[in-house]
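Engineer: Chain B: place on chain A using the hints.
For reference, the chains in residue letters:
There are 2 protein chains.
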Amino acid sequence: MRKSLVALVALSLASSALAAPPPPTLEAQADHALAEDRLAWDFVEGITTEVGPRQAGTEADRRGREWAVAWLKRHGFAKVADEPFEMQTWVPGDLHRAEVLSPFAQHLVVAPLGGSASTGPDGITAEVVKFETVDNLRAAPAGSLAGKIAYISHAMTPTQDGSQYGFAGPARWVGAGIAASKGALATVIKSVGTDWHRNPHTGGTAFPEGVAPIPAGALSLPDAANLERMFARAGDRPVTMKLTLTPRDLGTTTGGNVVGEITGRDPSLPPVLLACHLDSWWLGTGAFDDGAGCAIAAAAALNANMSGQPLRTIRVLFAGAEETGLWGSKAYAAAHAGEPIAVALESDFGADRIWRFDSNFREDNPDLHARIARAVARFGVSNGTEVATGGADINIARDQKTAIIDLQQDGTRYFDLHHTPDDTLDKIDPAQLRQNVAVWTQVAGILANEPGPIKPKE
Amino acid sequence: MRKSLVALVALSLASSALAAPPPPTLEAQADHALAEDRLAWDFVEGITTEVGPRQAGTEADRRGREWAVAWLKRHGFAKVADEPFEMQTWVPGDLHRAEVLSPFAQHLVVAPLGGSASTGPDGITAEVVKFETVDNLRAAPAGSLAGKIAYISHAMTPTQDGSQYGFAGPARWVGAGIAASKGALATVIKSVGTDWHRNPHTGGTAFPEGVAPIPAGALSLPDAANLERMFARAGDRPVTMKLTLTPRDLGTTTGGNVVGEITGRDPSLPPVLLACHLDSWWLGTGAFDDGAGCAIAAAAALNANMSGQPLRTIRVLFAGAEETGLWGSKAYAAAHAGEPIAVALESDFGADRIWRFDSNFREDNPDLHARIARAVARFGVSNGTEVATGGADINIARDQKTAIIDLQQDGTRYFDLHHTPDDTLDKIDPAQLRQNVAVWTQVAGILANEPGPIKPKE
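Heads up: the sequence lines are chains A and B, in that order. FYI, in my numbering the residues of the first sequence are 1 to 458. FYI, in my numbering the residues of the second sequence are 1 to 458.
Pulled out of the complex, with its shape left as it was, chain A reads as follows (with noise of 0.2 Å):
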């Protein structure tokens, strides 16, 4: 027994002393990111702490894909480019302000939406008539705001799946448009989010076809609620504000996507798409939404390497100008159509655990969405039974009806630091970025070495 022991380790180590040491499995690349990934938490500080904000289109957006391409090539990815697109680009201004001059006098904290109109410096001073909701808005006579300004409540909770954006997203989504179409001066809102915090939440607004955009901010929830307070203790008496947003629109500058591969055994075959967006609205770090989707996609695509070079290439896509308009994923659709893609996943929901894996071929490769299912089980993963649609990055995944896979992330506290101030790397919680990059490291080496196709029937 004792002999064969050690006549056993001198074979071993005779045999590791001829030969390189294999590659650690999957699994165990796998589990080492759980354990102590340190790529994804090195990007997202690197880029919240050395860009920052990465306004789409301006000149820290531009600083952001450099910052990324330096990254990617330092890592060892292939094939790193920013691939350059037209777009139209909206900046925020210096000016945001909404002072309630009667009849109580206070400062609200506003920040413009995406799309927003100017007040010129000098602001504009208009009544304030109230919307419970924006169905409210919408019943409300054609030309009766004129002259207002339009405030839109809303009622959102927590979801661990973000549901409720469904709900309250409108007031942001449409409300100034409904509101500019009646007549009103301007609109804010009571902001799409979830946070008790001074914090406004931006987003993009979109006004109708022949619909003149109209100023158009968000109040934070500590200040919409002190302005429902005044309209409750103003009685008949109207409320008055002063609203003060100067957004700019700078016309057609370039944005870009950056993108990188770790080169497949056989490079013919159609590649995995680990998709993020590289772009933030101004006022956070871009940490949460969604330099950590990055640094995700980024570390699981090394990691799947680590475990030995895959069959397929996996590419990333760092998508450019996603909050403004999906610029970047239209472009890169546009782009690379001609080349087949074998499956797409996204990552932009925070960086809190992934608590459901789901595809779109459960029913056409089960053994293959099993397989999956059984690998990441071990990570807290259940298996889902959606028919995963991908994420915003991802429109060439549907254009060209290829695979798709979600790994949805918990959403619980998303919309308190979604498009806010306080979209910062603290907010980041490194043990459940590890489990993110751990389940992605798992699926993306399934996938990448997945000889046949993913999703057959298409």
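Be a bit skeptical, because a hint or two may be false.
[Unchecked claim] In the SDA-like style, the derived pairs of lysine to any residue whose C-alpha atoms are separated by at most 25 Å in a straight line are:
{"no.": "1", "chain 1": "A", "residue 1": "Lys182", "chain 2": "A", "residue 2": "Glu209"}
{"no.": "2", "chain 1": "B", "residue 1": "Lys242", "chain 2": "A", "residue 2": "Arg398"}
{"no.": "3", "chain 1": "B", "residue 1": "Lys242", "chain 2": "A", "residue 2": "Met156"}
{"no.": "4", "chain 1": "B", "residue 1": "Lys242", "chain 2": "A", "residue 2": "Ala117"}
{"no.": "5", "chain 1": "A", "residue 1": "Lys73", "chain 2": "B", "residue 2": "Asp236"}
{"no.": "6", "chain 1": "B", "residue 1": "Lys73", "chain 2": "A", "residue 2": "Ala105"}
{"no.": "7", "chain 1": "B", "residue 1": "Lys242", "chain 2": "A", "residue 2": "Gly235"}
{"no.": "8", "chain 1": "B", "residue 1": "Lys130", "chain 2": "B", "residue 2": "Val174"}
{"no.": "9", "chain 1": "B", "residue 1": "Lys73", "chain 2": "A", "residue 2": "Asp236"}
{"no.": "10", "chain 1": "B", "residue 1": "Lys73", "chain 2": "B", "residue 2": "Arg265"}
{"no.": "11", "chain 1": "A", "residue 1": "Lys73", "chain 2": "B", "residue 2": "Ala105"}
{"no.": "12", "chain 1": "A", "residue 1": "Lys242", "chain 2": "B", "residue 2": "Glu50"}
{"no.": "13", "chain 1": "B", "residue 1": "Lys455", "chain 2": "B", "residue 2": "Pro267"}
{"no.": "14", "chain 1": "A", "residue 1": "Lys242", "chain 2": "A", "residue 2": "Arg63"}
{"no.": "15", "chain 1": "A", "residue 1": "Lys455", "chain 2": "A", "residue 2": "Thr412"}
{"no.": "16", "chain 1": "B", "residue 1": "Lys330", "chain 2": "B", "residue 2": "Val80"}
{"no.": "17", "chain 1": "A", "residue 1": "Lys130", "chain 2": "A", "residue 2": "Arg97"}
{"no.": "18", "chain 1": "B", "residue 1": "Lys130", "chain 2": "B", "residue 2": "Arg265"}
{"no.": "19", "chain 1": "B", "residue 1": "Lys130", "chain 2": "B", "residue 2": "Thr157"}
{"no.": "20", "chain 1": "B", "residue 1": "Lys330", "chain 2": "B", "residue 2": "Lys242"}
{"no.": "21", "chain 1": "A", "residue 1": "Lys242", "chain 2": "B", "residue 2": "Arg233"}
{"no.": "22", "chain 1": "A", "residue 1": "Lys148", "chain 2": "A", "residue 2": "Asp249"}
{"no.": "23", "chain 1": "B", "residue 1": "Lys242", "chain 2": "A", "residue 2": "Arg229"}
{"no.": "24", "chain 1": "B", "residue 1": "Lys73", "chain 2": "A", "residue 2": "Arg229"}
{"no.": "25", "chain 1": "B", "residue 1": "Lys242", "chain 2": "A", "residue 2": "Glu209"}
[What the hints assert, rightly or not] If you only want the chain B side, here are some residues facing chain A, beta carbon under 10 Å, derived:
{"no.": "26", "residue": "Glu45"}
{"no.": "27", "residue": "Leu108"}
{"no.": "28", "residue": "Arg233"}
[Said to hold, decoys possible] Now the in silico label distances, taken between C-beta atoms and shown as ranges:
{"no.": "29", "chain 1": "A", "residue 1": "Gly147", "chain 2": "B", "residue 2": "Thr157", "range": "51 to 59 Å"}
{"no.": "30", "chain 1": "B", "residue 1": "Gln160", "chain 2": "A", "residue 2": "Ser163", "range": "34 to 42 Å"}
{"no.": "31", "chain 1": "B", "residue 1": "Ala431", "chain 2": "A", "residue 2": "Gly251", "range": "50 to 58 Å"}
{"no.": "32", "chain 1": "B", "residue 1": "Thr389", "chain 2": "A", "residue 2": "Gly235", "range": "39 to 47 Å"}
{"no.": "33", "chain 1": "A", "residue 1": "Asp426", "chain 2": "B", "residue 2": "Thr125", "range": "22 to 30 Å"}
In case anyone wonders, no lab produced these hints; they're calculated from the structure. Even for Gly, the Cβ is constructed at its ideal location relative to N, Cα and C.
Structural biologist: Relative to the frame of chain A, chain B by itself:
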């Protein structure tokens, strides 16, 4: 048995038909406050909504006093007055920017400290020198900071008793003065606070006699952490910052202390003084600091009176200009020096639950101390052995060496909110506010009905 019960009820009904029903006992009134007091909430909701920030010595401060006078009169207080005093007034101005220029370019969230000088609207640009602690700054050679901006860090964690303020506070209290004495152009500190939001914590900073004030700002904790990471990533490269802070000294203006009384049955007895401060820093709406304190004091005085007119007068003191130099407390102590008070209490540590009762007459008047301790035990308040010293607004009690009671509040989240934009109504937990009112009602009622001296030996 049944007959005698009927007779008893009949007797009780008859006596209540003959005379007004007796007032509730003090205990019943305090229990009622715990369950459903609305007076304190009405006060703090009202002043934060109808006035908002009340920077000492400004027009908003004047409106705050006017509002408080009206509230006290409306609720039946006697001798309501706004007692004026002269003060030196500092205002924050409009431009508050900190922009790191190199080696990484990014804006940081900053607010001026009270007493800060102005950089002028064009700002100043200089290299930043980092100090981990005030002691490290103290150790810097004379003149070594010439032409530099000193950054001062510290470590602070939340504590129930707020004791960490004593360790971390000097970074704000004296850091700028020390830096100025060594030639620094300006100072930025890590906010003296415990939250991780983009909240700068302002507060007064003092410059030594003969040292000219320099511009002094506080970075939010996420921004301070970001700046520290920049230092770590900068290596040998200097970190340069453009700092723009435009506060102004307005010279001498008029502030005021708002007072009011529940007149006792024997107004010749020294009164019970319930204090708080009415002013707030400009950033928040002065809910936790210290609208809640005035709400608690006023509600307790009214509640105590509802259990029968007290023997002694209960006076409330809403001190003015506490934040910018205790102007109101000093003015009150000087103006009323000749009027003995029996005992003083102050509420100025937020609105979370009271957990300990301390007095400075535990040895001189053990029976009364024990009686109060027993009476508040049912609200979860323990009997403390510290010697109460009171807060900033009751200088008069220390001057008179009279009785003082400290009703210690849970300060675990106090320094998340202290002197920040986040000091808003939504941070007040109505149930904990009511517990404060209940305890204060009980204590004020006992004290106001005590015929003998509260602190006999003085």
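Engineer: Compare the structure with each hint and give your call.
Structural biologist: Evaluation of the provided hints:
1. The hinted pair formed by A:Lys182 and A:Glu209 meets the criterion: a straight-line CA distance of about 14 Å does not exceed 25 Å.
2. Distance check on the hinted pair: B:Lys242 and A:Arg398 sit about 46 Å apart at the alpha-carbon level, beyond 25 Å; violated.
3. With a C-alpha separation of about 39 Å, the suggested pair B:Lys242 and A:Met156 falls outside the 25 Å cut-off, and the hint is violated.
4. Under the criterion of a C-alpha separation no larger than 25 Å, the hint pairing B:Lys242 with A:Ala117 is inconsistent with the structure, at around 29 Å.
5. At most 25 Å may separate the alpha-carbon atoms for a hinted pair to count; A:Lys73 and B:Asp236 meet this at roughly 24 Å.
6. Among the hinted pairs, B:Lys73 with A:Ala105 is consistent with the structure: their alpha-carbon atoms are about 22 Å apart, no more than 25 Å.
7. Of the pairs offered as hints, the one joining B:Lys242 and A:Gly235 is violated, with about 46 Å between alpha carbons and a cut-off of 25 Å exceeded.
8. Between B:Lys130 and B:Val174 the alpha-carbon distance is near 16 Å, which keeps this suggested pair within the 25 Å criterion.
9. Of the pairs offered as hints, the one joining B:Lys73 and A:Asp236 holds, with about 24 Å between alpha carbons and a cut-off of 25 Å not exceeded.
10. Of the pairs offered as hints, the one joining B:Lys73 and B:Arg265 holds, with about 20 Å between alpha carbons and a cut-off of 25 Å not exceeded.
11. Restraint check for A:Lys73 and B:Ala105: satisfied, since their Cα atoms lie roughly 22 Å apart, inside the 25 Å limit.
12. A C-alpha spacing of about 17 Å is found between A:Lys242 and B:Glu50, which places the hinted pair at or below 25 Å, so the restraint holds.
13. With a C-alpha separation of about 19 Å, the suggested pair B:Lys455 and B:Pro267 falls inside the 25 Å cut-off, and the hint holds.
14. A C-alpha spacing of about 36 Å is found between A:Lys242 and A:Arg63, which places the hinted pair above 25 Å, so the restraint is violated.
15. In summary, the hint linking A:Lys455 to A:Thr412 is not supported, as the alpha carbons are separated by about 31 Å, beyond the 25 Å threshold.
16. Taken as a hint, the B:Lys330 and B:Val80 pair is honoured in the structure, with Cα atoms around 19 Å apart against an allowance of 25 Å.
17. Note on A:Lys130 and A:Arg97: the hinted pairing holds, with a Cα-Cα distance of about 19 Å set against a maximum of 25 Å.
18. A hinted pair counts as satisfied when its Cα atoms are at most 25 Å apart, and B:Lys130 with B:Arg265 does not qualify at roughly 61 Å.
19. This hinted pair checks out: B:Lys130 and B:Thr157 have alpha carbons roughly 21 Å apart, not beyond 25 Å.
20. Straight-line distance between C-alpha atoms of B:Lys330 and B:Lys242 comes to about 38 Å, which puts the hinted pair past the 25 Å bound.
21. A C-alpha spacing of about 43 Å is found between A:Lys242 and B:Arg233, which places the hinted pair above 25 Å, so the restraint is violated.
22. Between A:Lys148 and A:Asp249 the alpha-carbon distance is near 24 Å, which keeps this suggested pair within the 25 Å criterion.
23. The hinted pair formed by B:Lys242 and A:Arg229 fails the criterion: a straight-line CA distance of about 39 Å is larger than 25 Å.
24. Using a Cα cut-off of 25 Å, the hinted pair B:Lys73 and A:Arg229 holds, with the two alpha carbons roughly 23 Å apart.
25. With a C-alpha separation of about 43 Å, the suggested pair B:Lys242 and A:Glu209 falls outside the 25 Å cut-off, and the hint is violated.
26. The criterion of a C-beta within 10 Å of any C-beta in chain A is met by B:Glu45, whose closest approach is roughly 7 Å, and the hint holds.
27. For B:Leu108, the suggested interface contact is upheld, since its CB lies about 9 Å from the closest CB of chain A, less than 10 Å.
28. Annotation: B:Arg233 was flagged as interfacial toward chain A, and the flag holds, the nearest CB pair being 6 Å apart, inside 10 Å.
29. For the pair A:Gly147 and B:Thr157, the supplied restraint of 51 to 59 Å holds, since their beta-carbon distance comes to about 52 Å.
30. Range check, B:Gln160 to A:Ser163: about 38 Å between beta-carbon atoms, so the 34 to 42 Å window is met.
31. Between B:Ala431 and A:Gly251 the beta carbons are some 54 Å apart, a value that agrees with the proposed interval 50 to 58 Å.
32. Remark: the range hint 39 to 47 Å for B:Thr389 to A:Gly235 is upheld by a beta-carbon distance near 45 Å.
33. Between A:Asp426 and B:Thr125 the CB atoms are about 27 Å apart, so this pair conforms to the stated range of 22 to 30 Å.
When each numbered hint is compared with the structure, violations occur for hints 2, 3, 4, 7, 14, 15, 18, 20, 21, 23, 25.
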